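K.L.:
Given chain A, work out where chains B, C, D, E, F, G and H should sit, using these hints.
Number of protein chains: 8
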Amino acid sequence: MQLEKNQKLLFIGDSVTDCEREKPEGEGLFQALGNGYVSIVNAFLQANYPELGIRVVNKGISGNKVRELKERWQEDVIDQSPDWLTIMIGINDVWRQFDTPFIPDHHVDMEEYKNTLNELVSEAKAVTGTIVLMTPYYIEANPNDQMRATMDKYGRAVKQIADKHHTIFIDTQAAFNKLLENLYPAAIAWDRVHPNETGHTVLAKAFLNEIGFDWKK
Amino acid sequence: MQLEKNQKLLFIGDSVTDCEREKPEGEGLFQALGNGYVSIVNAFLQANYPELGIRVVNKGISGNKVRELKERWQEDVIDQSPDWLTIMIGINDVWRQFDTPFIPDHHVDMEEYKNTLNELVSEAKAVTGTIVLMTPYYIEANPNDQMRATMDKYGRAVKQIADKHHTIFIDTQAAFNKLLENLYPAAIAWDRVHPNETGHTVLAKAFLNEIGFDWKK
Amino acid sequence: MQLEKNQKLLFIGDSVTDCEREKPEGEGLFQALGNGYVSIVNAFLQANYPELGIRVVNKGISGNKVRELKERWQEDVIDQSPDWLTIMIGINDVWRQFDTPFIPDHHVDMEEYKNTLNELVSEAKAVTGTIVLMTPYYIEANPNDQMRATMDKYGRAVKQIADKHHTIFIDTQAAFNKLLENLYPAAIAWDRVHPNETGHTVLAKAFLNEIGFDWKK
Amino acid sequence: MQLEKNQKLLFIGDSVTDCEREKPEGEGLFQALGNGYVSIVNAFLQANYPELGIRVVNKGISGNKVRELKERWQEDVIDQSPDWLTIMIGINDVWRQFDTPFIPDHHVDMEEYKNTLNELVSEAKAVTGTIVLMTPYYIEANPNDQMRATMDKYGRAVKQIADKHHTIFIDTQAAFNKLLENLYPAAIAWDRVHPNETGHTVLAKAFLNEIGFDWKK
Amino acid sequence: MQLEKNQKLLFIGDSVTDCEREKPEGEGLFQALGNGYVSIVNAFLQANYPELGIRVVNKGISGNKVRELKERWQEDVIDQSPDWLTIMIGINDVWRQFDTPFIPDHHVDMEEYKNTLNELVSEAKAVTGTIVLMTPYYIEANPNDQMRATMDKYGRAVKQIADKHHTIFIDTQAAFNKLLENLYPAAIAWDRVHPNETGHTVLAKAFLNEIGFDWKK
Amino acid sequence: MQLEKNQKLLFIGDSVTDCEREKPEGEGLFQALGNGYVSIVNAFLQANYPELGIRVVNKGISGNKVRELKERWQEDVIDQSPDWLTIMIGINDVWRQFDTPFIPDHHVDMEEYKNTLNELVSEAKAVTGTIVLMTPYYIEANPNDQMRATMDKYGRAVKQIADKHHTIFIDTQAAFNKLLENLYPAAIAWDRVHPNETGHTVLAKAFLNEIGFDWKK
Amino acid sequence: MQLEKNQKLLFIGDSVTDCEREKPEGEGLFQALGNGYVSIVNAFLQANYPELGIRVVNKGISGNKVRELKERWQEDVIDQSPDWLTIMIGINDVWRQFDTPFIPDHHVDMEEYKNTLNELVSEAKAVTGTIVLMTPYYIEANPNDQMRATMDKYGRAVKQIADKHHTIFIDTQAAFNKLLENLYPAAIAWDRVHPNETGHTVLAKAFLNEIGFDWKK
Amino acid sequence: MQLEKNQKLLFIGDSVTDCEREKPEGEGLFQALGNGYVSIVNAFLQANYPELGIRVVNKGISGNKVRELKERWQEDVIDQSPDWLTIMIGINDVWRQFDTPFIPDHHVDMEEYKNTLNELVSEAKAVTGTIVLMTPYYIEANPNDQMRATMDKYGRAVKQIADKHHTIFIDTQAAFNKLLENLYPAAIAWDRVHPNETGHTVLAKAFLNEIGFDWKK
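Protein chains in written order, with UniProt numbering: chain A, 1 to 217; chain B, 1 to 217; chain C, 1 to 217; chain D, 1 to 217; chain E, 1 to 217; chain F, 1 to 217; chain G, 1 to 217; chain H, 1 to 217.
Be careful, since some hints might not be right.
Pairwise CB distance ranges (calculated) [claimed, not checked]:
(1) B:E20 - A:P104: 30 to 38 angstroms
(2) A:S122 - G:G63: 51 to 59 angstroms
(3) G:E4 - B:L29: 53 to 61 angstroms
(4) A:P104 - H:G28: 42 to 50 angstroms
(5) F:E75 - H:E20: 27 to 35 angstroms
(6) C:H166 - B:Q146: 55 to 63 angstroms
(7) D:K216 - F:H165: 52 to 60 angstroms
(8) B:E119 - D:R72: 36 to 44 angstroms
The set of hints was computed from the structure by calculation and includes no laboratory data.
These numbers were taken from a predicted model, which means no experiment stands behind them.
We treat Cβ as the ideally placed atom computed from N, Cα and C, and that holds for glycine.
Bound-form chain A, shown alone:
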């Protein structure tokens, strides 16, 4: 288990991270962490390692693309000085290219995505202990599906940035792909993006397994 006593673990991202968390502060009493994977990760950390006293903070905001993360990076990440920083961004960067194809202002192309994410990670490294990069994903089994294929490209960009900065890397698409061997996408998310609790559990498991979480503790 890599998390240490009294560390602060901050998650940032889009609606998959947000999940109706409280704002502006995404921590505290009464489902302040929302009802997605961040809340599941927190619940298992508290249940299995209460003695560590891990402080989990959720800074996801629905609809965000990497462009919006950049605008609030100073306030929501740097000023928070977390010990751990987990970033999952890119779904909307890709989705807008497919669901509103005629509004180019809302698209974030690969170059902007990669440059911006790289910049954000660089800045964060200076103030943060450990960084975890999670790929965006699309809950679609067919790798030749246009949007899935594009999402995979964005995921590979995340992998490159993770490699370059030696951060922890989590392939969420791979995690969902395994589930899709047995379940059709609609059983996890009608829109192939916003998962039900099963899908959020897949994300939480991917994170916890990566950091050496002991489930049987």
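P.N.:
Below, chains B, C, D, E, F, G and H alone, put in the same frame as chain A:
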């Protein structure tokens, strides 16, 4: 144009037909026809052929499968004695097999689907002038996608019943397929089922073109 | 078909244009275009010409007169640099003279109307490709009705400005008049102004027919 | 002043009478009489003749036609045994012929209207002291307007029934016509049916003047 | 009838004047004048003298005392330059002395009341044609009741200011007293202050009779 | 202190007793006893005598007159078999005679009041240990006020019934009268009936003092 | 892992089980399973064993005691014929003795609790494959706390019934006790009963670990 | 009775004081004092000593710790210049250490608590007549409970500050302890902090008894 003066045209189906129509009566003032393809069909009939005085009635109910149509067939179809009857059913019959695969009670298999639909058409023929059968559809371009492939099978069953009873037949899947050559499914429906106004327009056009509607009138 | 690939088509006007569109941005997902003629135009453009990728923007605001358009012209039209600009304004300019006759501050007389509209078109011409001027209308069959007669005068002023600036011109009153040969006004709009979907379809058809839209494509 | 001490005065009709009165009992504290002409009549009776102790009851129901009055005549009129009974019905009987022309079930033609109203008045005469028949109206100045002309015909039927049964008769159309010499219909009612407080005052004045109300008392 | 063609008549006061009028502008469509005596006055002016085109404006605000009128006098009265100005203030100035006797900050004593009202009238005279001063009132028949007696004193102060400035004066207490000969206060207002429609009619009648309104016109 | 261990104390009455208690059961968690004098009595019983374990039940219903109590007496009193029964009824029996004087059906005259109350007490005596009769009241200092004078008469009837059946008797009017020596009615209740917490405290004190409650315990 | 392919697993209990599940059917799309431990169990079963196709049903109802389970046992358990039945009941049976000590009707004493639970298990055994009995719990570390001590007694009764019927047994109190070594109760549940997600995770883990769930699969 | 004629008594604190009081001003009509002990104190002061005319003001704000009191001390206490000032703070200062133990920013340790409270009392002494310090409390009978023990320490700090500044001191924990001899905490407050009306009565009694209130007056 096949519709004649003062005819009553009744649509029945699931949520794609329903679209927040008024209940129990799906006709009258103030968007009583809902905001889907039924309402578009009505608007164009009124705008282009006001002299015909076509009365459009919407009897769609969200979530319905062919099984629920059967339960309300006497009251919502036979007792209404429409001159024209349009049926589009089957999406939920298939969808439940994929989004809640472990609740078999909610599935309608091919045999039940085909037998029930056949029975409903037979009963309706006795009291109705013209019947239009519209296939269910799935807004997914890949014909090998599991749910799309299943939906295509249900669509072929509709075709067989239409042929057997000599009803008008509309292939809504084909209509969407044409659009999917240029648009990704998410641009029409995030969940690949409930279309935006573009998708409902595709359905309305398919219907109106089939009955000889003159757009330039 | 006069619209070309990737063009931006902006509609501005009053409540007939607005129709509960999203604000401040009148474009994007989930009925952001409202539920009036703008949305119908968009749906048919997407359904028949998806390959053109036309971007439709709705900037209508309920209650607006030409005076309010002037106040927001820079931000809502000039700064948007649309390829096509469609203006339909004047109903409230006239209506207030008849429904609140004793509050002169709320009236826009012919001189102000004409001068302001002329000014707005002049400014827009410098930055916009094509301008479409749609007349205001009143869904009343009797041309001697006081308000209808006044509205006709405002409509003729629109015609003059269109002629002067060589813009496209659409006579929406004429479009409604044709329908009124078969339908009483109350069947389209209880208040003779805010049309039901049939009336909005009349407006959409008038626009689409004017720009060479192919309905059978 | 024809009303006498402790008499009960019951109004029945459609939405113009209803005006959000309380249900099922249309009398008592807190705007139980609604906010239309019935409430104005009551307020002036109380203000000018408090010593008479007139009890006003409102039994209007929105959307009613003479057909619906018939269904509830026993319970809402006969069982109430009012000293005075005021009936204003017919607007919806006519309106539905014009705003939903293709739904004949919702229309009440002249024959049914006249027969039913005659029947209701006959039944009421047996149990009620004085009956007041008010015509339906349409706030439209042009007597050649189709709906206005039809409404006038229904109004004349009311006159015939009033004459036959020797009831008090009030020509509400005439009362509005006088106002329309100076005001355009939209200043009283956007939909030409549901009046603002000015229009309800016209109705209240017509009633009060007919029964010899002393305004200066 | 003292009101002349196209004059603007502005009412200012407390909750009895306010009556849920629209804000900030207390005029226009849809019950913008509220549902109290101001609206009744307007309705009768429109119904009996539509040819005069009187513009009625309501600037009442619930809870106001003369102290709050002073704060908004420039904006809500002087800047409006009405032809006629009607002021009814003082109920809360007195009421707070009786319902929250231990919060002296909320009380307006006679001296402040008289000086402030005098000052406001003086300022208004410079810009307004005719001023009408209406007394505050308390719907209580017993002149020895403490609060009634105090209200009477404030009413006499209004009389003195009216005399001094030669304004029109309306004794609303006297108008209610007459009604109280036949009705117990609770039949007009449970709290003896906020009247039902009968009470508002008393106020409207007092105003209209004072300015020579012809009820039979 | 007359209440004994584990006794059940039931209050019945009108809105003064009800005070938004939970329904149908007026006991249990979360302000189930409402926010009036019943809740105050309960709070002091629990706070000063927790060892007695008194169970308080609230069966007040807003708007009730003695007539409505009679209809629910079996279910809400007899079937509950309380050890103590406290009745406060009559305010609405009197009030309706004054606030809706022209609707005699809503009035309960002295004879009906007295007979019905006597009957209810007789029935209750057979199943209940101790009965407490509280008078109705009117928060008005002037004994010559019409409604106050009538309420006093109803209060005297309660006294007679209490004497006849040897029940405990509480003169709530006397309790309020004492307070009115220092406070104007509006400081306790704008409508002179529904008291603020000060007024409810007066009622609770009257009850508790009568049964020998020790405040200093 | 003891669950087998296509089995149906039904949970029944009180608010801890309910957690805003959908009613009447506690299964299907959109958080129909609520947001408590049942939903967590389902999410992990789907995420780790999608190939098993386990169908989870939630039949918890807030406020239930064993007495209410008995009333709905036929409909909600026997008629459902689940393969696995999990029962957690007793918290309210005990809690009411402590939070509303003076309302004995709401208490379920040990004898009734034990007899009823025994009876329910006996009935269920005839139609169900496997039964899991979970103890009630109280999130309080002090075993001498009165309510905790009582809850422990009820928990021991569950153990006895489990032993007698050879069902699976889960000691939820023991699971919470372990967590309470590091966390104060208020960090899990302000009221010591309704846990936050951490507490529900403790319950879900206790269940999953008992049935041989493989977390690393 | 130590309160004197026309004195102003201000209460400040957290949610136990707040209890949905009106904001920003916590005094006036309609439950402006909230529904907790402040309102009970006011009601008894008015009921027993109306001749004193005590003005009670509630400045409690939910969630406040001593840290937040400091921020608003000037505006909410000093600027109000009360004759009496009652302070009850500290529950949240302690509670956050136990319910969100991993968010140290939300904790107020003993040193900060004591220093800040001392500072606030010092400042207030300069402008206020009499100061009353009430301890924080925890409705838990076991003095060895961790949170209760901590609360007791904070309570002792209050005692020291009261002694040092010679203020009145009220031990609310002692008041609750007496009740806990007969009632389990859950009968007063499920969360052991926010009391029901019984608990608020305990607080009100503690205050009133301390200042020599005569209950039998």
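K.L.:
Indicate, hint by hint, whether the structure satisfies it.
P.N.:
Evaluation of the provided hints:
| no. | hint | verdict |
| --- | --- | --- |
| 1 | B:E20 - A:P104: 30 to 38 angstroms | holds (33 angstroms) |
| 2 | A:S122 - G:G63: 51 to 59 angstroms | holds (55 angstroms) |
| 3 | G:E4 - B:L29: 53 to 61 angstroms | holds (57 angstroms) |
| 4 | A:P104 - H:G28: 42 to 50 angstroms | violated (57 angstroms) |
| 5 | F:E75 - H:E20: 27 to 35 angstroms | holds (34 angstroms) |
| 6 | C:H166 - B:Q146: 55 to 63 angstroms | holds (56 angstroms) |
| 7 | D:K216 - F:H165: 52 to 60 angstroms | holds (56 angstroms) |
| 8 | B:E119 - D:R72: 36 to 44 angstroms | holds (41 angstroms) |
In summary, the structure is inconsistent with hint 4 from the numbered list given earlier, while agreeing with all the others.
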